[in-house]
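A.B. asks: Chains as they are written, first to last, in numbering that gives the first Met the number 0: chain R, 0 to 314; chain X, 0 to 621; chain W, 0 to 524.
Note that these hints are calculated values from the structure, not bench results.
Honestly, I wouldn't trust all of these hints.
As the list claims (entries may be wrong) - For lysine to aspartate or glutamate, the following EDC-like pairs were computed, each having C-alpha atoms within a straight-line distance of at most 20 Å:
1. LYS157/R with GLU455/W
2. LYS49/R with ASP267/W
3. LYS287/W with GLU307/W
4. LYS45/W with ASP177/R
5. LYS6/R with ASP115/X
6. LYS45/W with ASP212/R
7. LYS129/R with ASP115/X
8. LYS496/W with ASP343/W
9. LYS49/R with GLU367/W
10. LYS45/W with GLU455/W
11. LYS421/X with GLU479/X
12. LYS294/W with GLU126/W
13. LYS539/X with ASP268/X
14. LYS45/W with ASP88/R
15. LYS49/R with GLU307/W
16. LYS49/R with ASP127/W
Since we're looking at a predicted model, the values are computed, not measured.
So you can see what is in the structure, the chains are spelled out below.
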Amino acid sequence: MGRYILKRLASAIPVLLGITVIVFLIMAMIPGDPATAILGSYATPENVEKINRDLGLDKPLVQRYFIWLGNMLQGDFGRSFSLNRPVLDEILDRFGATLILAGTSFVLCAVLGIVAGVVSAARQYGLADKAITFTVLIGISIPAFFLGMMMILLFAVKLRWLPVSGMYAIYGGGDLPDLLRHLIMPALALAAVATGVIARLSRSAMLEVLRQDYIRTARAKGVPERRVIYGHALRAAMVSIIPVLGIQAGFVLSGAVYIEIVFQWPGVGRMLVDAILKRDILLVQGGVVFVAACYVLFNIMVDVAQSLLDPRIKT
Amino acid sequence: MSAFLKLLFRNRLAALGAVVLGAILLLVLLIPVLPLKDPNATATADRFLRPFSEGHLLGTDHLGRDLLSRLLHGTRLSLAVGLAAALIAATIGSAIGIVAGYFGGRIDNLIMRGVDMLMAFPYILLALAIVAALGPGLMNALIAVAAVNIPFFARNIRGITVGLAGREFIDAARLAGLGHTRIIVSELLPNVLSTIVIAMSTTVGWMILETAGLSFLGLGSQPPQADLGSMLGEARAALITAPHTSVVPGVMIFLIVMSINLLGDGVRDALDPRLRSGALSRPRATTLVDRTGPVPEDDGKGLLALQQLQTEFHVGKRVFRAVGGVTLHVEKGECLGLIGESGSGKSVTALSVMGLVSSPPGVVTGGAVRYAGEDLLAMRYADLRQRRGENVAYIFQDPLATLHPLYRVGEQLAEAIRCHHKVSESETRERALELLRAVRIPNAESRLGDYPHEMSGGMRQRVGIAMALANDPDVIIADEPTTALDVTVQAQILALLDDLRRERGLAIIFITHDFGVVAQLCDRVAVMYAGRIVEQGPTKAVLAAPAHPYTSRLIACVPELGGGRRELAAIPGLPPSVDDLPPGCAFAPRCDKAQTACRQGEIALEGTGPRAVRCLFPEEAV
Amino acid sequence: MTILSLTRRTLFAAATSVLALGALSLPAQAQTPPGVLIVGQIAEPKSLDPAAVTAVNDFRILVNLYEGLVRYAPGTLEVEPHLATGWEVSEDGTVYTFTLREDVTFHDGTPFDAEAVKFNFDRMLNEDHPYHDTGPFPLAFFFGSVESTEVVDTHTVRFTLSEPYAPFLSNLAYPTGLIVSPAAVEANGADYGRNPVGTGPFTFAEWRSNEAVVIERNAEYWGDPAGTEAVVFRPITDANTRVAEMLAGGIDLMVEVPPTALGQFQGDGFEVVEQAGPHVWFLILNAKEGPFADKRVRQAANYAINKEAIVNDVLEGTAEVAAGPTPPAFAWAYNEELDPYPYDPDRARELLAEAGAEGAELTFYVTEGGSGMLDPIPMGTAIQADLNAVGLDVSIETYEWNTFLGEVNPGLEGKADMAEMAWMTNDPDTLPYLALRTEAWPSEGGFNSGYYSNPEVDRLLEQARVATDQAERARLYKEMQAIVQEDAPWVFVANWKQNAVTSDRVENFSLEPSFLLMLEDVVKN
């Protein structure tokens, strides 16, 4: 197993290198000047030129790439000029918030999705199945940002049950219940689509598995039905559910961008959108590489989980 | 095509999706003739009119523009963009996928690495970066959305193509000297097209959402042009004061995406051949019992007795009478062979005993199954479950498919014991070891930790037998347990079963299509054809003098060792479909002795003593 | 097997915790604590180094942490002493000598003295200064005419200018002139912007990225202590969320209330505060090429746009129609005799017909939002509709603010015919000097992105800048305004009345014409 993990980690290196190249090239293609971000309304052409020189943007592209890559390998992601602080500090500050939001959403969508899918499959064509199918259909069809807006309107403004935005009450908050109160709406809004996708997939995976011969074997042995479904069938269905969890993690991470904007969540997604719009090249590059690395790592974890679950996978 | 449409609309949800989407499309197409206001004409004094205001059915937005008009124009634009993006992504992505899958090797490796990299980005970042590089605008948003979805198609289509590229017809085309382009276009493409269509129909909704997302962020359509995302984005500033301006486009996005999803599901289901049979439904814990006639009285015959058992499959409007009134019994220590061609209903008969026929579509419609006098069909699920494995156990045909692939065999054995007996873990393990030794598995100790896929076919079948023996059942129903095995292993397994029967006094119902096997093992034999027993009697007697023409043909199929070049007479024709049985003898169409009388009326199973036959003109009188 | 039952248990545990989460949400939201003022800002500050920032949003925090030698007297744009007790100006208007307060220390305990002042201006202006690299200092040109800063004695400092520069004092009162602690700059270097040290009534407490900047009452303050224990600045970039937070009681004070939301705050519990300031919102017209090279077309645009509708409907009365390039908030320099171009689409069509510009295709740069830009997309859309109505075919391109500036500041030539723009300034000199002179064309390093050129205007502006007498300056500016209005290099659209909403627990709050947010005296119950 250890060797398998190492092998998977090693295979991630070229992917990550490729990602650095892609990000770098895209950012190099973006027209416009980071200097205007620094200078604000008062950017004059000569000031812009000076700042570009200071930032080393006058050097050839290839040279810039290797300087950036070299620095990054030494842990120096450079300095964000729009925020006036080291890129890595900002990313680390923000990443925790995104991790809490996306992580909670991911757990929610995985748990709710699988439970809903399994229950739906177990009660196929029953009332629960119909209710779940219907809810799931709504979930996957509603844009997360619209759902978020409607939630704010209802629960925060009209009913005043939950805070409108942010991650902590700004004064006197900061404890866990406070965080949870702030987390409920964005996490649910973010989880909605993925929950639906996972529920649908879990349902069909369960239905597929329940038709297998080994389920009949289990029944012939006299295994109680509950165990047949929640044991034998679910375990086998997980083999096809887990890879989708990996894919959905990417969608959750992407959806976090909208949700972070709608709920003013101080996460890395919002930071990256701002950074892209502001042409904060180093922040975008650093942030994207960081996020992509985490995502790649997460997918390796998914693969490892898969190989733990399914002995047929050669490790 | 019409079959496709029929299938599609049989799915009521898909039909609903089609209706909603159709209505939206119709409205959008009617834009030029509808009496709509100019979607861009501002009238700031009339801003934020509520829905149903005079002259503005859906109210007005922050600049006093008519929401209904903007909604319809916006919907048209969003639909067009979503479709265009899906088409572009599907075309380019599929092309990449086909090239990678077809050529394989280094090209494949290179392309798929690139695809992996693109997929390692959260897609929104890639889309944002592309829009940032190209500048804002709906066209650029379209390109960005299409671009980020290309890897999805590429990966999907490559998977299918790799499978196809190794197939014979592609090799044949290559050998025929066709060029790569010809092969791809004329051989590969038609085969992956349905996958492409499925992938597209399930992603169009996503594309519309993603484009709306970019417009929502202000990177898509430029004012005053309306698309649904930008309408929502602009309305957001007035979410609290004038929520209707957000709700109107939001609900429209929802409706579109929902109807496309429903329709997409329908298309997928209709195109997916596996689902075409309508089989994707979950089998219940026990077979549905819906007996119309009276339940036969207990006649006290045998340990396990089937009386006039009828099992049908209800698929759509068609009814397959798989088991049409079978009466059988088996005594303690006896081995009964149940023999017939595939499709004759012998397996369904066996599975009906403990309610293991998949249901839906299976339904037991008549008769009784008595174990020690009790009617198993009338039992509550909990009681029936108690008897499964404990009193009546099964051995199935293909042990690779019938053992759970993710549990160690030790666990599966242990489970068989523990669902009926509360025993400690160590005792269970002891018992499991004992069982493995009883079925003569060498190194039983280490085998406990193996997964089914790590064992040979013969070993797996021994595990299957061990599992059946776990609770010392009185009856074992073995459903073609040796069919998947090679001849030497088969002989070993048969010998094993025979020993066990003698040692433990087991009653065995042995299902097979091979008279050779029956001859080795069974005391009595029953021959099934088209869901009914056509002949039964002591094995030796039947073998020596088959009465039914079908039986004699079956016996003739068995090659005899050292029998020289005896003619192996295959039975011409196919067994009849059990949803449309001819009147009279079901075998008559294939029988060279059939006469007019054979094709009329019910023919009874008659005979004297232990033998009986269902034939008007038996080869031997019984 | 145990794995499985465990999984199931975990599922149930997770499900129950979701339910528990729901229960947590039920208690109504706690109110903000008394003595702590929570301010909804429009964005995260870029830096808290006054020399490094340009945005009003950042100034709102800075002016409570720092002080300058002079300040705008409350409620006016008049300059009055602050850290300096007084000043003398030489006859020729090139030497300014300031006498400094003696009882002032920075929050880090180091003394405020002439050396500190010299350090501040040298850091900004002198490229050889050891801490010049803590920049860039985009507004350093405010003090571009300063040739040297000298320490006369501990509490006297002298600026020598290369030529008379009338806006000098006003610029000193601008946040760019706020004084930072040299010791803190030396200690923190490039990170000073996140570790600010000033002399003001509040000291910096913490900056949690994208959550809040917290400042606390300065117990050692030389003047009257601040009215609140602490002020928390929350960046809420989304106006709608800001409104929702305000309504939900999450913030006590919000600035730049979106016009559409004003109606929400009319009831009890809230107070809306308004204050006109020196702001002008206009459209830059490309006078170098295309239809707008013709003065008649530019005038037609001014006639065609319904500015009343924009300020009253789109902006819900949060602005007034602008008449010319100088906002009325500069009362002494404002030409009262000028009336705004009336809304007259027929006149516009006539002018267009005369110029033969009917049906001209125009590209219009619109921003998504930005300093002083109010509601730029709806405004731009309304303008587009008005121009379409008189037969001009206008297509909009929207850009994020910084990208927008990157497109507009280098000049519109070859790209666009018109662009939105807004300026908030502290002196009547600033905007026209930087954006209307021939020598302020982008190629010369100025902001005249529409290439307007009128030698008479150039001459008037140069004269006004070196004139030391305010009455003389006023006459020159008024003359300039009349010419510019007639030439119509811009479409003059609106002068903003900045607004803010407070909850009824906030007292003593008022807005300043300078757009600065002085919170020293505010009390929060």
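A.B. asks: Next step is simple, just say for each hint if it's right about the structure.
C.D. replies: Status of the hints after comparison with the structure:
Pair hint LYS157/R plus GLU455/W does not hold up; C-alpha atoms about 59 Å apart against a cutoff of 20 Å. Taking the CA atoms of LYS49/R and ASP267/W, the gap is near 53 Å; set against the 20 Å cutoff, the hint is violated. With a CA separation close to 29 Å, the supplied pair LYS287/W and GLU307/W exceeds the 20 Å bound. Between the alpha carbons of LYS45/W and ASP177/R the distance comes to roughly 28 Å, so the proposed pair goes past 20 Å and is violated.
This hinted pair checks out: LYS6/R and ASP115/X have alpha carbons roughly 17 Å apart, not beyond 20 Å. Distance check on the hinted pair: LYS45/W and ASP212/R sit about 64 Å apart at the alpha-carbon level, beyond 20 Å; violated. Note on LYS129/R and ASP115/X: the hinted pairing is violated, with a Cα-Cα distance of about 37 Å set against a maximum of 20 Å. Between LYS496/W and ASP343/W the CA atoms are separated by roughly 25 Å; this puts the pair beyond 20 Å, and the hint is violated.
With a C-alpha separation of about 27 Å, the suggested pairing of LYS49/R with GLU367/W is violated against the 20 Å cut-off. A C-alpha spacing of about 39 Å is found between LYS45/W and GLU455/W, which places the hinted pair above 20 Å, so the restraint is violated. The suggested pairing of LYS421/X with GLU479/X is violated, with an alpha-carbon distance near 32 Å, which exceeds 20 Å. Annotation: proposed proximity of LYS294/W to GLU126/W is violated, straight-line Cα distance about 43 Å (limit 20 Å).
In summary, the hint linking LYS539/X to ASP268/X is not supported, as the alpha carbons are separated by about 51 Å, beyond the 20 Å threshold. Restraint check: the Cα-Cα separation between LYS45/W and ASP88/R comes to about 15 Å, which is no more than 20 Å; the hinted pair holds. Distance check on the hinted pair: LYS49/R and GLU307/W sit about 43 Å apart at the alpha-carbon level, beyond 20 Å; violated. Straight-line distance between C-alpha atoms of LYS49/R and ASP127/W comes to about 16 Å, which keeps the hinted pair within the 20 Å bound.
In the structure shown, a violation is registered for the earlier hints numbered 1, 2, 3, 4, 6, 7, 8, 9, 10, 11, 12, 13 and 15, in ascending order.
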